[in-house]
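Q: Residue numbers (the numbering used here), protein chains in the order written: chain B, 1 to 353; chain P, 1 to 133; chain R, 1 to 387.
A portion of the hints provided could be inaccurate.
Claimed, not checked - Residues from chain P shown here face chain R by an in silico Cβ test under 7 Å; the list is partial:
hint, residue
1, S59
2, T61
3, I62
4, S67
5, E68
6, I78
7, F88
8, T90
9, I103
10, G104
What the hints assert, rightly or not - Listing some non-contacts, in silico: residues in chain P with all C-beta distances to chain R over 12 Å:
hint, residue
11, H8
12, R10
13, Q14
14, R15
15, G27
16, C40
17, G44
18, R47
19, E71
20, K74
21, Y76
22, V84
23, Q92
24, E102
25, K128
26, E133
Because the hints were derived from the structure by calculation, they are not lab data.
We put the beta carbon where it would ideally sit given N, CA and C, even for glycine.
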Amino acid sequence: MKMDVGIVGYGVYIPRYRIKTEEIAKVWGDDAGSIKNSLLIYEKTVPALDEDTATIAVESARNAVQHARINPKEIGSIYVGSESHPYVVKPTSTIVAAAIDAVPDMTAADYEFACKAGTAAIQTTMGLVKSGMIKYGMAVGADTSQGKPGDALEYTASAGGAAYIIGKDNLIARILDTYSYTTDTPDFWRREGQEFPSHGARFTGQPAYFKHVIEAAKEIMKRNNLKPEDFDYAVFHQPNGKFPLKAAEILGIEKKRLETGLLTPYIGNTYSGSTMLGLARILDDAVSGDRVLAVSYGSGAGSDAFIIEVTKENEKRRNSKPLKAYMDRKEYVEYSTYAKFKGKIKGVKLEKP
Amino acid sequence: MSRGVAVHWRLIPQRYNLVGTECKNCGEKFFPLRQLCPNCRRSGDVREVKYSGEGEIYSYTIVHTPSEGFEFMKPYVIGVIKLVEGPFITAQIVDCKPEDLEIGKKVELVFRKVIADGSNGIIRYGYKFKLKE
Amino acid sequence: MSGRVAIIGIGITEFGELWDQRYRDLITKAGTKAIIDAGIEGEDIEGLYIGSMSPGLFSGQEHIGALVADYSGLIGIPAVRVEGACASGSLALREAYLAIKSGEMDIVVAGGVEKMTDVSASYATVTLMGAGDQEWETFKGATFPSIYALMARRHMFEYGTTIEQISQVAVKSHDNACLNPNAQFPFRVTLDQVMRSSLIADPLRLLHCSPLSDGAAAVVLASEEKAKELSKNPVWIRASSTATDTLALHDRKSLSRMDSTILAAGKAYKKAGIKPKDIEFAEVHDCFSIAEILAIEGLGFCGIGEGGRLTEGGDTALDGRIPINTSGGLKGKGHPVGATGIAQAVEATLQLRGDAGKRQVKDARLGLIHNVGGSGATTVIHILEVD
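Excised from the complex, chain B in its bound form (with noise of 0.2 Å):
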C-alpha cells in the first residue's frame, strides 16, 4: 500500500555565538589559510555557557511545533538524536516533551548513533506515523559536540539543531523513499566516561564516509530509478566542507545542487543537527517539486538516504524562522571566551555547589 508520509513541519535553531577559524588556529599554532583550503571551514557555531543540546533541541522543537501548526499533544512521539545528551541516563527527550508540551500521551526516547542519530529518529517516526500508530511523531538531532583541544575536530565541532515533525497530512514535503546502508566500521568513538571522542584520523574517509554515503545515494536512486540529475538539491553529512563536495564529485552530482545545503563553512559541524539542518536550509528555499536527495552519515558506521518531494504547502506556509536568519545573526568570540562558554577552562560551571 502507497501512502503518504512526509515532513508537516521543521524549525531549526544554533547558537549567537561564532568563532573563526583564524582565532582557533592562532591558538595551536595551526596556519589558518591551508586550514580553511583542506577542510573548508570559515567559522563555526558556539553555545553560550546556558546552551546544551536539550536547549537547542527545545528551541528547534517550538520552532517546529510553530511552522507546522498543529496541537503538540496530537505528537505521539518524540525522539531526539544526539551525541552529546546533558545527561548519560536520563532523556534528553522528555525535556523537549514537555517544553513543547506534549506529554503525557506519547512515547519518547533518546538515540546515539554518531552523527545519523537524528535522520534515523526521522525513519523511526515514519514507520509509527505508517503504521497508524501516531499521528504526529518529531525527530531531533541536535548537538554541542567537542573537540579535544588541538585536534583538527575543534575547527569543526559546532553546536546546534533541526526538528521535524512527520505526520501523513498537509505535508511541506513527502518523503518518497528511505535506504540506510549499515556496517560496523570503528572511524570515530567515544568510550563511557571520556570527555572527548577519538577518531581512525584518515580511516574516517573513505573506508567510512565516502564508502557509506555514495553506497547509499546509489542504492536509493537505483531503487526509484533516479539518476543524479533528477534531484533540483541534494545535501549529505558535513564533516566539514570538503567531504560532502567530494561525495558529490564522485556521484556525479552537480556542485551547484549541494550549495544551498553546505553549512558547515560557516557553521561548523552540528553533528547530529548537520544533515537535518542542510536539508532544512533547503526547504527555506525549495518550491513545489523540487526533489532533494539526504543523506547522513553517522560514524561507526552508517548513512541513512531520503528522496524528498517538496509540496506546494510548503510555499503557503513558508517557515518563518528560517535558518538565513539564525545565521545571519551573529557575534564573534575570541578563543578565550569560546574556551570559557564550552567548559574548557577548569572549573568553569554553571550550577549550585
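Since the structure of chain B is provided, determine the placement of chains P and R on it from the hints.
A: Leaving out everything else, chains P and R in the frame of chain B:
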C-alpha cells in the same frame, strides 16, 4: 543548598512554559501560578493559563556580583519583563550586550539552562528572554 | 491597657567584620549594655524578643530565643525569635511593644542580631535573597543589589533621578558615620569615589550598597508606670505600625515607590496624630542608596519622585531640614540585618535623649525609624518622642 529534585520538578510547567493563573471572576492574570486570586480571594475562581512569552523590558540591571552558582555567567542581565498578557516576571535576558538594552524594548521567550545542582545533580532548565529580532 | 510604652535602656555593639566574636557573644553584649543602661536587673525582665533574619543559614543555629535566654543568664523567661528578613529587628521591637501594650508584661527586652561574615560573600548573597522570592527571583540569579537596581533604573526612568543624586545618599551617610563611634565605615567618600566604585548591579555600585556586617543591638521597653518609676529619660513609642506588600518585586503595582512604606507611614502618622513635616529626624532603611530615596518619598518628607532632588539639595544632611540617618545609616554604620531595626531605635533614643554627641540633631523631640524587609515586602515604622 541543593534541595530535593521535586522542588524543581513540580514547577516544570511554569518554568518551561510560563503557565500562570487567570481569575475567572475579575479576569486578572498572574504569574507564577496562585491558588487564590489576591483580588477576589474566596469569591474568585482561578484557572491555569499559558503565556505567549512575548513582552517588553520594564526594568533591567547588569549583575556584576553574582549569586552563588552564577559566577561564570557574569556579567548577566536580570530584567523585569512585562508580558503582553499583563503579568510581570523576573528573568535573565541573554544573548545581548548591555548597551543594547533599553526600557520598552521587545523581548521573547527562550529556553535555557538556569543552574545545575552541582556536577551530579539535576540540571534545572527554564525561561529566559532575548531581545526580539 | 492603654498606657504608653517607653524605651528605658539601649545597648549596641560595634558593627563590622568581627572575626573573634560569635553570634551569642554579640547579642549577649548588646543585651547586657541595654540592661545596665536601663538600671534594671535580669530578674526584672519578663520577656525577650530577638530579631534575626537567618542564623540558620549564616551560622547553622536556630532556636534563637532559648539560646539568647541561656547565654544572658535568663533561663526560664519567655523568649521568641522574630523574623521578617531585614525588618526582623523592628518586628521584634514591635512584638515587645505589643506585649507591654496588651498588659501581659511590664518590662521586655527587644534585641536584634546577625553574624554574616562566617560564610562566603556569594553564600551570603544567596542567603539574603531568602528575603526575596526563592522560586521566581533567586532561582533566576537575582541578587538583592540587582533587585534594588531594577527599582533604581525605574526611578531614574520615571522621575529623571540621576546617579549623582543617588550617590549623594552614600556621601551623606559616610559623613554621618564619621561621627558614630560604632560605625563600620567611619570615613568620608566623595561623589566621584561613589560613582567610580566598582559596579555591583548596574546602575548600583559598591558604594551604593550596605555591607555584610556582624553586630547586635538591644533595647529595654517598659510600661508607662514602670518607665516613670525606673527611668529619668524615657523615650516614648508614640506609634508602631507595619505593612506588607508582595514578596516578589515584579508583582508590585510600581517598582519606583515602596507601597508598604507608604501604607505603614499612613497608619503611623494617623496613630500619632501628626504629619510628616512634624518629624524632626529619621533613621531609614538605606540598604542601597536608592532605598533611602524611596523611603523619604514613602514617608512623605517630599513628593514621590522628588527624593533625589531633596537629597541633592542637602535637606537630608545632618544640618538639613530633615536629617536622615544621622547614625550613618545602613551604608555607613553597617547592616547586620537582624540588628538593624533595633540599632535604629538605639540611634533615635540617643538623639531624643540629647546624647548623640557630634551628630546630635538640635533639640530633637520627635523622630521616626523605618525598617524594610526584602525589597519592600515588609515595612515597620516606629515614631519616638520625649515629653
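Q: Each of the hints needs a verdict: does it hold here or not?
A: Verification of the supplied hints:
1. S59: With a minimum Cβ separation of about 4 Å from chain R (threshold 7 Å), the hint on S59 (chain P) holds.
2. T61: With a closest approach of 4 Å, the T61 (chain P) hint holds.
3. I62: 4 Å, holds
4. S67: 5 Å, holds
5. E68: With Cβ-Cβ at 4 Å, under 7 Å, it holds.
6. I78: It holds, given that the least Cβ distance between I78 (chain P) and chain R is near 5 Å, below 7 Å.
7. F88: Holds - the Cβ of F88 (chain P) comes within 7 Å of chain R, reaching about 4 Å at its closest.
8. T90: Since the shortest Cβ distance to chain R is 5 Å, the answer is holds.
9. I103: Hint on I103 (chain P): holds, closest Cβ of chain R at ~5 Å, below 7 Å.
10. G104: 9 Å, violated
11. H8: 9 Å, violated
12. R10: Per Cβ check, R10 (chain P) is inside 12 Å of chain R; nearest 10 Å; violated.
13. Q14: 9 Å, violated
14. R15: 8 Å, violated
15. G27: 17 Å, holds
16. C40: 16 Å, holds
17. G44: 16 Å, holds
18. R47: 19 Å, holds
19. E71: Given a closest Cβ separation of 7 Å, the condition is violated.
20. K74: 9 Å, violated
21. Y76: 6 Å, violated
22. V84: Holds, because the least Cβ-Cβ distance between V84 (chain P) and chain R comes to about 15 Å, which exceeds 12 Å.
23. Q92: Label violated. Min Cβ-Cβ 6 Å, cutoff 12 Å.
24. E102: 10 Å, violated
25. K128: At roughly 8 Å from the nearest Cβ of chain R, K128 (chain P) sits no farther out than 12 Å, so the non-interface label is violated.
26. E133: Non-interface label on E133 (chain P) holds, nearest chain R Cβ at 22 Å vs cutoff 12 Å.
Hint violations for this structure: numbers 10, 11, 12, 13, 14, 19, 20, 21, 23, 24 and 25, all remaining hints satisfied.
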